[in-house]
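Q: What follows is each chain in one-letter form.
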Amino acid sequence: MPEFITFGIKWLPELLKGVPITLSLWAIAITLGFFLGLVLTWARVYGNRFFYWLSTVYIELFRGTPMLVQMFFIYLGLPRFGIVFDAFTAAVIAITLNSAAYQAEYFRGSVLSVPKGQLTAARACGMTQWQAICCIMLPQALRRVLPQWSNEAIVELKFTSIAYTIGVVEITALASDIGSRTLDFFQIFLWAGLVYLVLTSSVASFLGWLERKTYVPGVTNV
Amino acid sequence: MSESLVLDVRNVTKRYDSLEVLKGISLGLNKGETKVVIGPSGSGKSTLLRCVNHLTKPDAGEIYLEGEAIRDANINAMRARMGFVFQDFNLFSHLNVLDNVRICQMKVKGADKKTATHRAQQELARVGLEEKASAYPAELSGGQQQRVSIARALAMDPVVLLFDEPTSALDPELTGEVVRVMQQLAAEGMTMVVVTHEMSFARQAADEIIFMENGHIVEQGSPDAMFSHSDHERTRAFLNVIADHG
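Residue numbers (my numbering), protein chains in the order written: chain A, 1 to 222; chain B, 1001 to 1246.
Here are the simulated lysine to aspartate or glutamate pairs, DMTMM-like style, with alpha carbons at most 25 Å apart:
| id | chain 1 | residue 1 | chain 2 | residue 2 |
| --- | --- | --- | --- | --- |
| 1 | A | K213 | B | E1139 |
| 2 | A | K116 | B | D1072 |
| 3 | A | K116 | B | D1017 |
| 4 | A | K116 | B | D1171 |
| 5 | A | K116 | B | E1139 |
| 6 | A | K116 | B | D1088 |
| 7 | B | K1057 | B | E1020 |
| 8 | B | K1023 | B | E1062 |
| 9 | B | K1132 | B | D1099 |
| 10 | A | K213 | B | D1099 |
| 11 | A | K116 | B | D1099 |
| 12 | A | K213 | B | E1131 |
| 13 | A | K116 | B | D1059 |
| 14 | B | K1023 | B | D1207 |
| 15 | B | K1031 | B | E1188 |
| 16 | B | K1023 | B | E1233 |
Since the hints were derived computationally from the structure, they do not count as laboratory data. Since we're looking at a predicted model, the values are computed, not measured.
Build out the structure end to end from the sequences listed, making use of the hints.
A: Here is the structure:
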């Protein structure tokens, strides 16, 4: 145990340099994925036949193939057509596109679970379709989706580690590098796991707080 | 067209596949009038009401509000002038009572928050619920929810109020509070079309009762004429059944 602590004191500062990279990769991708997910949901629930199919094909494509393959395709495959991204950008794009597909599926379920009468009442008082969706449908659907969305947010936080494979210097990459230098993979990956655990539990507690904060009786527990 | 004609429904038809729900309905409503539409389930009463503000789009026929035809192009502005009270209230569940009564004023009429709040408080007081302003719909009884939904409609200063079976989803002991609010509105000269099975309301508050069946208006007349000496066998039979159950 003391050895584990000493190792930590020595190497943790270097390992923690990956935290801002991991967190920014995650925060950008989950946020962009959120908005893209909303657009996909809109297309699938309210869009015409063309948008419905476009959205459906997108979702099936990105849920049906591994994120690692998607990331390699974007980073290593697209340069053939002159489309070149740096590793961080390629990772953000891959995680965003992948996460959007999952988020869209969660949003769709929650949008469909909001009683139809809510939208009808909004239209009946003269709101446009857009106002009714933004002011009445979304605030309810987002509250309802929060538990599943939290799960997705945490899964994506862990998925940022695969950006290591294309050279993004995040937590896993640094751990692997320190491991090679110290030849103590056991300890450094234990530390890396701990760091991820702290991050995921912080995100989980924040989202749990947000869930309680935005709770409205009758909206989420029906 | 009479100058005081607020709502003019002309020859409205509606068909769902092979089922003709409305077979050419016409009715007019003068300012301050209350008309009660009664009839068995499936007679087209609710469809008629929903056609009036195009929540259900009629296949044919015209609807005029204060002389202006309702079109796709002006539908939102027209709906803002017609209050609609639903059978199952449809209060916005994520908003408290005050916000429920404020939101349409602010989003549709562009009222500022202060004006909307003041107006909302007035209407909540009118339905006797000013002390519930911060409660959420799920925390209210059905009768209270329906009164809030009436306040929400009133806060838009509608020229006509449409009630779609406003007491049908309520426990019998809660219908009274909603009926009283509707009676008060009728007495104050609000223009209203009310689809209901509440015969006491129809008898007391209606200027005219319209009996519908199979997508037709079978008969219409004053409460007195309809209840005491209807010409139609079908109307008498329906009223007898309702009287037995009510």
